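Participant: Produce the entire structure from the sequences given, and follow the hints as far as they go.
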Amino acid sequence: MIKASLCGVLLAVVAVYSAPAHAGPMGRLTDMPGDARRGQAILSDMSRASCLICHEIEGLDEKDQGQIGPPLRGIANVLSEAELRQRVVDARVMNPDTIMPPYFSLDNLFRVAEDHRGKTIYSAQDVEDVVAYLKTLKGK
Amino acid sequence: MKLIGPLLPLLLVWSPPAMSQANETPRSGYEFMEAATQALQDDDFLNPGFFLVDEGERLWSKPFGPEGKSCGDCHKSIADSMRGVAARYPSFDAELDRLFNLETRLQYEISERMGGPSLPYDAPEILALTAAVSLQSRGMPVIAPADPALEPFVEIGEQIYAQRHGQLNLSCRQCHVDNSGNRLRGDIISEGHINAFPIYRLLWSEPGSRHRMFEWCMQSVRAEPYARGSQEFIALELYLASRGAGLLIEAPGVRR
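If you read the sequences in order, they're chains L and H. Going letter by letter, the first sequence gives residues 756 to 895 in the working numbering. Going letter by letter, the second sequence gives residues 126 to 381 in the working numbering.
Accuracy of the hints is not assured; some may be wrong.
Derived, one-sided and incomplete: chain L residues facing chain H with beta-carbon distance under 10 angstroms [claimed, not checked]:
| # | residue |
| --- | --- |
| 1 | R783 |
| 2 | S805 |
| 3 | L807 |
Just some of the chain L residues that point at chain H, by a computed CB distance under 8 angstroms [as the list claims (entries may be wrong)]:
| # | residue |
| --- | --- |
| 4 | D800 |
| 5 | A804 |
| 6 | I808 |
| 7 | I854 |
| 8 | L864 |
| 9 | R866 |
| 10 | V867 |
| 11 | I876 |
None of these hints come from the bench; they were simulated from the model. Since the model is a prediction, treat every value here as computed from it, not as a measurement. Glycine included, C-beta positions come from ideal geometry on N, C-alpha and C.
Facilitator: This is the structure we're talking about:
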């Protein structure tokens, strides 16, 4: 019963955030299609604000995976390429209070360190490569 | 329903593992450490923070300034005179109209009252004296700031705590309140309390102050840190004291 009502609450949240009126499906950021293998390498590099600091991807050779966000196995079953891209680029569009850092946005940031000022966490091609890799995360 | 349907399995499986609530009893960072790290803190002979305490106790009787006075010449026994002080800092000095934490108070006493050198915030002498003074409150609960003059500073501290900072766009609160108890990389996120400082930090292989830790956190989210000893960091320290009121002082703590 608790699960059912919790589910109801979550459904309402999803209904609000899954289709923001002001943001259409997010198209490719670069001409070059994403390279899933390169994407996996980027995402496995723990020095580069890796997804794995907060998310678990079962099967990857990294023992220090986080549990701040949802595990990403099967994420491609539930999110389209455009939706994956939007979440990597700036998940605040879906949820202004998200803890997820914006990987390709400079909007509304505060006191960014000099070394990183005016730069995004990922380049456009990095985003495409990571999205290409995320698209391979199918299955249960 | 078409949009929602595919998301259902994910939602059913995943819920944030350990959302902690605001008004729960605060948990010291000690509880989030591995047993080996806790053991290091528990034994005064093994605890590397005690080198700092020993140095601080030696400095307590060291003369600073032209009159050749030491802290101990006026305050006498550090054990008696400094008992409980660390548990009620930062504090507001109405006469000087200034907010002090232990370090800035020690800096002030040495340079202004004793006419000694203007030691920088990070001077080893200041850190050592802070450790020796803090030890005298070990086992005593952190006292919530009660002085009305502190209220505006607590508020500033809370704002800084809730403000997202840096390229990674994270606030203190998002990790240390919303996600304490969850794993970030391989580490369990603590509640970010400051009752054990100065700490010996294994990652640094040396002791450090609260403000050095704040700086480290801010750099980790790729933010421009406030200066050590700044009013911003002292205000944050004050807010954390209110958030962690009741926790027992553990100085000198040991952390990963």
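Participant: Taking the hints in turn, state whether each one holds.
Facilitator: Going down the list of hints, with the structure as the test:
1. R783: violated, 22 angstroms
2. S805: holds, 9 angstroms
3. L807: Constraint on L807(L) satisfied, holds at 8 angstroms.
4. D800: D800(L) check fails; min Cβ-Cβ to chain H is 13 angstroms, beyond 8 angstroms.
5. A804: holds, 6 angstroms
6. I808: holds, 5 angstroms
7. I854: holds, 5 angstroms
8. L864: holds, 6 angstroms
9. R866: Result: holds, 5 angstroms to nearest chain H Cβ.
10. V867: OK, holds: V867(L) within 8 angstroms of chain H, min 5 angstroms.
11. I876: holds, 6 angstroms
Comparing the model with each earlier hint shows violations of hints 1 and 4; every other hint is respected.
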